[in-house]
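> Residues per chain, in single letters:
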Amino acid sequence: GEQVEQRPPHLSVREGDSAFITCTYTDPNSYYFFWYKQEPGASLQLLMKVFSSTEINEGQGFTVLLNKKDKRLSLNLTAAHPGDSAAYFCAVRHGTGGYKVVFGSGTRLLVSP
Amino acid sequence: NAGVIQTPRHKVTGKGQEATLWCEPISGHSAVFWYRQTIVQGLEFLTYFRNQAPIDDSGMPKERFSAQMPNQSHSTLKIQSTQPQDSAVYLCASSSGLGGRYAEQFFGPGTRLTVL
Numbered sequence: 002g003e004q005v006e007q008r009p010p011h012l013s014v015r016e017g018d019s020a021f022i023t024c025t026y027t028d029p030n031s032y033y034f035f036w037y038k039q040e041p042g043a044s045l046q047l048l049m050k051v052f053s054s055t056e057i058n059e060g061q062g063f064t065v066l067l068n069k070k071d072k073r074l075s076l077n078l079t080a081a082h083p084g085d086s087a088a089y090f091c092a093v094r095h096g097t098g099g100y101k102v103v104f105g106s107g108t109r110l111l112v113s114p
Numbered sequence: 575n576a577g578v579i580q581t582p583r584h585k586v587t588g589k590g591q592e593a594t595l596w597c598e599p600i601s602g603h604s605a606v607f608w609y610r611q612t613i614v615q616g617l618e619f620l621t622y623f624r625n626q627a628p629i630d631d632s633g634m635p636k637e638r639f640s641a642q643m644p645n646q647s648h649s650t651l652k653i654q655s656t657q658p659q660d661s662a663v664y665l666c667a668s669s670s671g672l673g674g675r676y677a678e679q680f681f682g683p684g685t686r687l688t689v690l
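Line by line, the protein sequences give chains A and B.
For the first sequence, the numbering used here begins at 2 and goes up steadily by one.
For the second sequence, the numbering used here begins at 575 and goes up steadily by one.
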């Protein structure tokens, strides 16, 4: 089955720096990709979703990159601020079959002032 | 829209007791998912329902764990004879049918289960 590896498990940056998180997946038929944010004590909130025909997506303060050739999904938080401190999870869904998603193991990000 | 509701938020059981966790999906959502979250294992898929029918329970431990969705407004996850290793946060998520597999999941706040 699909395997998703997420790195790094912990990341500490200063306010204003970039924070880069990467997920690699194994199944070439994975087609839908999601990034979730989980603040301390809270549940997961969708940050962004991308699918196979989209390579770069930009949101407020972050960019998502999808490299289909390398089977790599990345999240780059540009100019991070303390409010970005949270756990971030990537999730991968197959293009056919069921609706199950496979999550990465998460990255705990700490942004210090 | 109240979002996905999970009750109780915290549950403490003694080893060997039964625990029942409740989830109320967002109204109108056709899919309900259950996950278990621990520091060591991360987010583990347990099972999911679509239009109340069980579709994939490949993540459920074969013994002691069961899930049901008797109607479109709630799902339950039952753990019989709880063990300390069952201690985790159990997350429920729901998803609408709109957008097919591109539809995101909306997560509840979770139930923190502690087995003493």
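Hints listed in this document are in silico derivations from the structure and should not be mistaken for laboratory results.
If you're wondering where the values come from, they're calculated on a predicted model, not measured in any experiment.
Any given hint could be a false lead.
As the list claims (entries may be wrong) - Calculated lysine to any residue pairs in the SDA-like style (CA-CA distance at most 25 angstroms, straight line):
(1) A/Lys38 to B/Phe619
(2) A/Lys38 to A/Asp18
(3) A/Lys38 to A/Thr79
(4) A/Lys50 to B/Gly577
(5) B/Lys585 to A/Gln39
(6) A/Lys101 to A/Thr79
(7) B/Lys585 to B/Pro635
(8) A/Lys101 to B/Phe619
(9) B/Lys636 to A/Gly60
(10) A/Lys72 to B/Pro635
(11) A/Lys38 to B/Ala627
(12) A/Lys70 to B/Ala677
(13) A/Lys72 to A/Gly84
(14) A/Lys72 to A/Thr25
(15) A/Lys69 to A/Glu40
(16) A/Lys50 to B/Lys636
(17) A/Lys101 to B/Val586
(18) A/Lys50 to B/Leu620
(19) A/Lys101 to B/Asp631
(20) B/Lys636 to B/Ala677
(21) A/Lys72 to A/Ala43
(22) A/Lys38 to B/Pro582
(23) A/Lys72 to B/Lys652
(24) B/Lys652 to A/Lys69
(25) A/Lys101 to A/Ser75
(26) A/Lys69 to A/Gln4
(27) A/Lys38 to B/Ala677
(28) B/Lys585 to B/Ala677
(29) A/Lys50 to B/Asp660
(30) B/Lys585 to A/Glu40
> Would you mind marking each hint as holding or not holding in the structure?
Taking the hints in turn, this is what the structure says about them:
Between A/Lys38 and B/Phe619 the alpha-carbon distance is near 17 angstroms, which keeps this suggested pair within the 25 angstroms criterion. Pair hint A/Lys38 plus A/Asp18 holds up; C-alpha atoms about 18 angstroms apart against a cutoff of 25 angstroms. Using a Cα cut-off of 25 angstroms, the hinted pair A/Lys38 and A/Thr79 holds, with the two alpha carbons roughly 15 angstroms apart. Restraint check for A/Lys50 and B/Gly577: the C-alpha separation of about 19 angstroms stays at or below 25 angstroms, so the hint holds.
Of the supplied pair hints, the one linking B/Lys585 and A/Gln39 holds, its CA atoms being roughly 21 angstroms apart against a limit of 25 angstroms. At roughly 30 angstroms between alpha-carbon atoms, A/Lys101 and A/Thr79 are farther apart than 25 angstroms, so this suggested pair is violated. The hinted pair formed by B/Lys585 and B/Pro635 meets the criterion: a straight-line CA distance of about 20 angstroms does not exceed 25 angstroms. This hinted pair checks out: A/Lys101 and B/Phe619 have alpha carbons roughly 8 angstroms apart, not beyond 25 angstroms.
Distance hint between B/Lys636 and A/Gly60 is unfulfilled; the C-alpha atoms sit about 41 angstroms from each other, more than 25 angstroms. Taken as a hint, the A/Lys72 and B/Pro635 pair is broken in the structure, with Cα atoms around 30 angstroms apart against an allowance of 25 angstroms. Proximity of A/Lys38 to B/Ala627 is assessed by CA-CA distance (about 29 angstroms); at most 25 angstroms being required, the pair is judged violated. A threshold of 25 angstroms between alpha carbons decides the hint, and for A/Lys70 with B/Ala677 the separation of about 24 angstroms falls inside it, so the pair holds.
Restraint check: the Cα-Cα separation between A/Lys72 and A/Gly84 comes to about 30 angstroms, which exceeds 25 angstroms; the hinted pair is violated. Proximity of A/Lys72 to A/Thr25 is assessed by CA-CA distance (about 6 angstroms); at most 25 angstroms being required, the pair is judged to hold. A C-alpha spacing of about 29 angstroms is found between A/Lys69 and A/Glu40, which places the hinted pair above 25 angstroms, so the restraint is violated. For the hint linking A/Lys50 to B/Lys636, the alpha-carbon distance of about 32 angstroms lies beyond 25 angstroms, and the restraint is violated.
For the hint linking A/Lys101 to B/Val586, the alpha-carbon distance of about 29 angstroms lies beyond 25 angstroms, and the restraint is violated. For the given pair, A/Lys50 sits about 22 angstroms from B/Leu620 by alpha-carbon distance, which is consistent with the 25 angstroms threshold. With a CA separation close to 10 angstroms, the supplied pair A/Lys101 and B/Asp631 stays within the 25 angstroms bound. A C-alpha spacing of about 29 angstroms is found between B/Lys636 and B/Ala677, which places the hinted pair above 25 angstroms, so the restraint is violated.
Distance hint between A/Lys72 and A/Ala43 is unfulfilled; the C-alpha atoms sit about 30 angstroms from each other, more than 25 angstroms. With a C-alpha separation of about 23 angstroms, the suggested pair A/Lys38 and B/Pro582 falls inside the 25 angstroms cut-off, and the hint holds. Under the criterion of a C-alpha separation no larger than 25 angstroms, the hint pairing A/Lys72 with B/Lys652 is inconsistent with the structure, at around 37 angstroms. Straight-line distance between C-alpha atoms of B/Lys652 and A/Lys69 comes to about 39 angstroms, which puts the hinted pair past the 25 angstroms bound.
Our distance criterion of 25 angstroms between C-alpha atoms is met by A/Lys101 and A/Ser75, whose separation comes to about 21 angstroms. At most 25 angstroms may separate the alpha-carbon atoms for a hinted pair to count; A/Lys69 and A/Gln4 meet this at roughly 15 angstroms. Distance restraint check for A/Lys38 and B/Ala677: the Cα-Cα separation of roughly 17 angstroms lies within the 25 angstroms cut-off, and the hinted pair is therefore satisfied. Under the criterion of a C-alpha separation no larger than 25 angstroms, the hint pairing B/Lys585 with B/Ala677 is inconsistent with the structure, at around 31 angstroms.
For a cut-off of 25 angstroms, the pair hint linking A/Lys50 to B/Asp660 is broken: about 31 angstroms separates their Cα positions. About 21 angstroms separates the Cα atoms of B/Lys585 and A/Glu40, which keeps this hinted pair within 25 angstroms; it holds.
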